[in-house]
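Novice: Put together the whole structure using the sequences plus the hints.
These protein sequences, in sequence, are chains H and V.
Residue numbering for the first sequence is 1 to 247, as defined by the working numbering.
Residue numbering for the second sequence is 1 to 332, as defined by the working numbering.
Calculated from the structure, these hints are not laboratory results.
Quick reminder that beta carbons are idealized off the backbone N, C-alpha and C, glycines included.
The reader is advised that the hints may include incorrect statements.
What the hints assert, rightly or not - A partial selection of chain H residues facing chain V, derived with a Cβ cut-off under 7 Å:
hint : residue
1    : D48
2    : P79
3    : L81
4    : R82
5    : M117
6    : T122
To be verified - Far from chain V by the CB rule (all over 12 Å, computed), these chain H residues:
hint : residue
7    : G64
8    : I110
9    : V118
10   : D119
11   : N123
These are the residues of each chain, in order.
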Amino acid sequence: MKIGLDLGSRYVKAVFMEDGRLVDYRCYDTLAFYREYGRKVDGELVVDYERLGWPTGAAITSTGYGRNLVKLAGGQVIPELRAHTRGAIFQTGLSDFTLLDLGGQDSKVIKVAGGRMVDFRTNDKCAASSGRYLENMAAVLAMDVAALGECRDEPVELSSTCAVFGESELIGQIIEGHPIEHLAAGVNRTIVKRVEPMLRELYSPVVVFTGGVARNQAIRAMLEDALPVQVILPAYPQLNGAIGCAV
Amino acid sequence: MADKIGLTTTIPVEIVYAAGKIPVDLNNLFITCDAPGRLVDRAEQAGYPRNICGWIKGLYTTLLEQESLRQVIAVTQGDCSNTHALMETWQVAGVAVIPFAFPYDRDADLLRLQMEKLMQLLGADWEAVGRWKKRLDQVRKKAHEIDRLTWEAGVVDGQTNHLALVGCSDFNGDPDAYEAYLDGIIAEAARNSTQGLAGDRQAVRLAYVGVPPIVSDLYSYVESMGARVVFNEVQRQFAMPFDEDDIIEQYRRYTYPYSIFDRIDDINREVARRRVDGIIHYTQSFCYRQIEDIILRQRTAVPVLTLEGDRPGPLDARSRMRIDAFLDMLAR
Chain H
1 MKIGLDLGSR YVKAVFMEDG RLVDYRCYDT LAFYREYGRK VDGELVVDYE RLGWPTGAAI
61 TSTGYGRNLV KLAGGQVIPE LRAHTRGAIF QTGLSDFTLL DLGGQDSKVI KVAGGRMVDF
121 RTNDKCAASS GRYLENMAAV LAMDVAALGE CRDEPVELSS TCAVFGESEL IGQIIEGHPI
181 EHLAAGVNRT IVKRVEPMLR ELYSPVVVFT GGVARNQAIR AMLEDALPVQ VILPAYPQLN
241 GAIGCAV
Chain V
1 MADKIGLTTT IPVEIVYAAG KIPVDLNNLF ITCDAPGRLV DRAEQAGYPR NICGWIKGLY
61 TTLLEQESLR QVIAVTQGDC SNTHALMETW QVAGVAVIPF AFPYDRDADL LRLQMEKLMQ
121 LLGADWEAVG RWKKRLDQVR KKAHEIDRLT WEAGVVDGQT NHLALVGCSD FNGDPDAYEA
181 YLDGIIAEAA RNSTQGLAGD RQAVRLAYVG VPPIVSDLYS YVESMGARVV FNEVQRQFAM
241 PFDEDDIIEQ YRRYTYPYSI FDRIDDINRE VARRRVDGII HYTQSFCYRQ IEDIILRQRT
301 AVPVLTLEGD RPGPLDARSR MRIDAFLDML AR
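Specialist: Dropping the structure here:
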């Protein structure tokens with residue numbers, strides 16, 4: 001049994017793999033995970049496996065946003081982008097593609113050629129193309145994130161500069177009287193505009209889309225409209241990093 | 001005691017010494033003080049926008065808090081144009097500002113004119129400037145030797161290299177003491193060398209290009225991850241790495257204030273010579289040099305990681321993640 005653990009900014013994802021097969025997985029809210037199951041001893045994160053109900057004696061490999069902040073006691077740690085690359089190769093069986101991972105707080109674009117990461121871009125400071133941005137914007141529009149992910153027609157033009165500016169801009173557009181669906185489509189469109197330059201720079205005809213935002217079908221369709229690419233959604237987009245740890 | 005005079009970046013410092021004054025590079029003063037973040041906060045309290053480079057804000061407060069500094073040479077062309085407004089806010093606070101412009105097209109006549117005006121203003125002549133050039137070149141030679149000991153012999157680490165070179169903008173106001181400091185590094189390197197303490201020859205070899213970092217732990221972090229910085233681009237330029245007798249030519253060959261293309265030629269030459277595996281291009285948030293990153297990426301032969309820094313302090317988790325990924329990619 002191998003456990004792969006992705007310590008993300010919004011969720012901690014754990015996958016349990018046996019003989020190269022995914023047998024189980026869990027997702028925890030990041031804050032709750034650290035609060036309820038973890039404590040820091042000499043700079044290392046000690047996780048209470050018993051309380052988590054995880055199988056004992058399994059090899060644990062972790063990665064993720066928390067990787068630099070905490071080292072998991074008794075576990076191996078691998079760089080985040082390596083984990084995502086490995087996860088995508090494992091899940092798709094492809095060796096030449098561009099990986100687009102849109103997570104809770106950040107975006108990553110990784111060019112994979114011959115089964116190796118050859119270049120990458122990540123957003124720097126701003127969370128404007130992330131899941132957190134979509135959650136905030138959905139809240140402003142009083143709709144849930146899943147419903148927002150279905151809106152792609154007649155997108156209202158919104159700036160793609162910054163998540164915080166975006167919110168006040170969106171409120172301004174609501175007052176203008178645009179239909180909610182068009183505003184939601186505009187929100188999805190800003191994500192595409194943010195990642196489009198990175199995908200052009202690290203272009204491959206196949207884009208493997210992972211992270212929580214990959215569940216947004218409007219963004220997937222808009223990506224295929226904006227660029228000559230085929231967007232592939234692996235079976236477990238959100239677990240991709242954790243899977244990459246366990247393979 | 002001689003008058004001190006502030007600098008916003010490297011200028012022909014021979015002129016300042018020849019005029020009997022002590023140059024003080026405000027950047028070094030700012031970043032080595034106890035709490036550089038507080039200086040940035042104070043500039044913001046004075047009304048500097050949040051979306052302006054942290055170096056500019058740090059320089060603003062640094063100068064105002066140094067009572068011995070009531071005169072500054074500010075580079076109005078060849079560095080950041082935010083300097084113009086920086087100068088103006090200093091002027092309002094009663095500081096005497098002396099502008100200096102590096103001509104964008106590296107025109108020798110215009111550069112000479114700029115230097116002569118500065119000499120006239122400070123009270124220096126060509127004879128004394130020539131004498132100081134010879135003296136400073138002796139000190140610079142030691143900085144160049146430290147640079148060689150970094151990339152060729154592998155017995156000086158990237159951070160020590162950075163500090164030794166970056167300080168050549170003003171020689172800490174005391175070239176004799178600075179020379180002794182450099183001698184100390186060379187002696188230490190010789191000891192390391194005889195004890196076989198050269199750095200890991202298998203380590204990933206990095207170039208650091210762009211302005212010196214505002215973050216405090218970039219070098220130590222990179223080296224803790226098993227890589228070595230063997231080229232500090234702009235810092236090396238501050239140490240005038242040319243065997244050039246003519247002072248006008250020296251400041252024409254100095255790449256930093258001119259176009260990105262001159263810098264890229266220098267970078268590519270050194271990347272090849274020093275067998276560099278990858279480049280870290282550091283830029284400040286909100287800096288025009290983030291645009292130049294486009295060109296740099298197109299014209300260099302090895303992979304580039306662009307890092308962005310905003311305020312003083314340690315690297316944030318995202319930057320560390322990106323460095324990890326970059327080194328992981330290069331090592332494989």
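Novice: Run every hint past the structure and note whether it holds.
Specialist: Results for each hint:
1. Because the beta carbon of H/D48 sits about 24 Å from the nearest beta carbon in chain V, more than 7 Å, this interface hint is broken.
2. Annotation: interface hint on H/P79 holds; nearest CB of chain V at approximately 4 Å, less than 7 Å.
3. With a cut of 7 Å, the hint placing H/L81 at the interface with chain V holds, because the nearest CB-to-CB distance is about 4 Å.
4. Hint status for H/R82: holds, given a least beta-carbon distance of 5 Å to chain V, under 7 Å.
5. Residue-level restraint check for H/M117 holds (minimum Cβ-Cβ distance to chain V is 5 Å; threshold 7 Å).
6. With 7 Å as the threshold, the beta carbon of H/T122 comes within range of chain V, its nearest partner Cβ sitting at about 6 Å, so the hint holds.
7. For H/G64, the condition that its CB be more than 12 Å from all CB atoms of chain V is violated, with the nearest at approximately 9 Å.
8. Annotated as non-interface, H/I110 brings its C-beta within 12 Å of a C-beta of chain V; the closest such distance is 8 Å.
9. Distance to chain V contradicts H/V118 as a non-interface residue, since its nearest Cβ pair spans about 7 Å, not more than 12 Å.
10. The non-interface label for H/D119 is inconsistent with chain V: the shortest C-beta to C-beta separation is roughly 6 Å, within 12 Å.
11. With a least CB separation of 8 Å from chain V, H/N123 falls inside the 12 Å interface cut-off, contrary to its annotation.
Of the numbered hints listed earlier, those contradicted by the structure are 1, 7, 8, 9, 10 and 11.
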